[in-house]
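Engineer: Generate coordinates for the entire structure from the input sequences, incorporating the hints supplied.
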Amino acid sequence: MSVRVQEATFDVAVEMAETTGGDTSIGGVAMFVGLVRDLDPHADAKKVSALTLEHYPGMTERQLEGIEAEALARWPLAATRIVHRHGRMEPGEPIVLVICCSAHREAAFDACAFLMDWLKTKAPFWKVEDTDDGPRWVEARASDDAAADRWTKPEC
Amino acid sequence: MKLKYFAWVRQRAGTGSEVVDVPSEVTTVAELVEWLRTRGPGLAEAFQDTKAIRCAVNQTYVEWDHPVGPNDEIAFFPPVTGG
Numbered sequence: 046m047s048v049r050v051q052e053a054t055f056d057v058a059v060e061m062a063e064t065t066g067g068d069t070s071i072g073g074v075a076m077f078v079g080l081v082r083d084l085d086p087h088a089d090a091k092k093v094s095a096l097t098l099e100h101y102p103g104m105t106e107r108q109l110e111g112i113e114a115e116a117l118a119r120w121p122l123a124a125t126r127i128v129h130r131h132g133r134m135e136p137g138e139p140i141v142l143v144i145c146c147s148a149h150r151e152a153a154f155d156a157c158a159f160l161m162d163w164l165k166t167k168a169p170f171w172k173v174e175d176t177d178d179g180p181r182w183v184e185a186r187a188s189d190d191a192a193a194d195r196w197t198k199p200e201c
Numbered sequence: 196m197k198l199k200y201f202a203w204v205r206q207r208a209g210t211g212s213e214v215v216d217v218p219s220e221v222t223t224v225a226e227l228v229e230w231l232r233t234r235g236p237g238l239a240e241a242f243q244d245t246k247a248i249r250c251a252v253n254q255t256y257v258e259w260d261h262p263v264g265p266n267d268e269i270a271f272f273p274p275v276t277g278g
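These protein sequence lines map, in sequence, to chains A and B. Using our numbering, you'd call the opening residue of the first sequence number 46 and step up by one each time. Using our numbering, you'd call the opening residue of the second sequence number 196 and step up by one each time.
Be aware that one or more of the hints could be misleading.
Derived DSSO-like pairs: lysine-lysine, alpha-carbon spacing no greater than 30 Å straight-line [claimed, not checked]:
1. Lys167/A / Lys197/B
2. Lys246/B / Lys167/A
3. Lys246/B / Lys91/A
4. Lys246/B / Lys197/B
5. Lys246/B / Lys92/A
6. Lys167/A / Lys91/A
7. Lys92/A / Lys167/A
A few chain A residues that face chain B, going by a derived Cβ cut-off under 7 Å, partial list only [claimed, not checked]:
8. Gly79
9. Glu99
10. Gly103
11. Arg107
12. Val141
13. Lys165
14. Trp171
15. Lys172
Everything labelled a hint here was simulated from the structure, so no lab data went into it. Note that CB positions come from ideal geometry on N, CA and C, so glycine has one too.
Structural biologist: In structure tokens:
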């Protein structure tokens with residue numbers, strides 16, 4: 046159960062080892078790592094040379110902790126971790142990490158997808174891309190809202 | 196009242212945060228935005244299209260009819276794009 050917002054990069058193997066913490070009741074770990082992409086597939090597809098993430102210190106942590114608590118309430122999870130970076134980063138660098146540990150894979154997979162979908166629509170981060178045409182704020186996507194909405198349906 | 200602006204709202208407003216004394220008739224987020232629009236061309240531009248702006252009061256998302264008071268921290272920003 047942990048949330049971190051930081052400028053520094055992270056090591057996925059170290060994060061996973063810390064999250065499982067030797068708990069041998071854990072039978073599966075699902076992880077998602079988001080990376081900086083060098084080409085925006087929508088809009089006019091300008092080459093991205095760097096990305097800068099701005100956030101709302103204080104609210105970011107509160108939102109991430111709230112999202113994590115929601116996942117823990119919905120699924121039988123032994124451990125979770127969210128790490129999200131801010132500041133400037135280049136293509137290929139990791140931006141975000143979500144780890145979900147459970148006795149069985151289904152809860153780990155579902156909780157990991159849920160956390161990413163909710164994080165993308167609720168955590169107060171904003172991306173600005175450096176492109177050949179100068180800096181450009183990334184626009185929110187309707188598909189992200191739709192992905193988050195699927196977890197609000199009663200059958201979930 | 197403490198105001199915070201992020202992303203392009205911050206750029207257009209020309210500042211990331213400010214402390215303001217608002218007129219007593221300003222009691223909701225919507226009324227606050229109307230008042231902010233009158234405070235200069237940057238803020239007028241920032242709040243031109245309010246459909247593109249989200250609001251948080253004391254770090255919780257709220258709708259535009261949410262009440263605001265002198266001790267609140269109110270933030271305005273575009274839809275989030277993290278992850």
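Engineer: Run every hint past the structure and note whether it holds.
Structural biologist: Evaluation of the provided hints:
1. Restraint check for Lys167/A and Lys197/B: the C-alpha separation of about 22 Å stays at or below 30 Å, so the hint holds.
2. Distance check on the hinted pair: Lys246/B and Lys167/A sit about 17 Å apart at the alpha-carbon level, within 30 Å; holds.
3. Distance check on the hinted pair: Lys246/B and Lys91/A sit about 26 Å apart at the alpha-carbon level, within 30 Å; holds.
4. Among the hinted pairs, Lys246/B with Lys197/B is consistent with the structure: their alpha-carbon atoms are about 22 Å apart, no more than 30 Å.
5. Between Lys246/B and Lys92/A the alpha-carbon distance is near 29 Å, which keeps this suggested pair within the 30 Å criterion.
6. The suggested pairing of Lys167/A with Lys91/A holds, with an alpha-carbon distance near 27 Å, which does not exceed 30 Å.
7. Only pairs whose Cα atoms come within 30 Å are accepted, and Lys92/A paired with Lys167/A is accepted, the gap being roughly 27 Å.
8. At a threshold of 7 Å, the smallest CB-CB gap from Gly79/A to chain B is about 6 Å, leaving the interface hint in force.
9. This hint holds: Glu99/A has a C-beta 6 Å from the nearest C-beta of chain B, less than the 7 Å allowed.
10. For Gly103/A, the suggested interface contact is upheld, since its CB lies about 6 Å from the closest CB of chain B, less than 7 Å.
11. Given hint, Arg107/A at the interface with chain B, holds; its Cβ is 5 Å from that chain's nearest Cβ, closer than 7 Å.
12. With a least beta-carbon distance of about 5 Å to chain B, the hint placing Val141/A at the interface is held under the 7 Å criterion.
13. Among the interface hints, the one on Lys165/A holds; its C-beta lies about 4 Å from the nearest C-beta in chain B, closer than the 7 Å criterion.
14. With 7 Å as the threshold, the beta carbon of Trp171/A comes within range of chain B, its nearest partner Cβ sitting at about 4 Å, so the hint holds.
15. Proximity of Lys172/A to chain B holds as hinted, the smallest CB-CB distance being about 5 Å (cut-off 7 Å).
Checked against the numbered hints given earlier, the structure satisfies every one of them.
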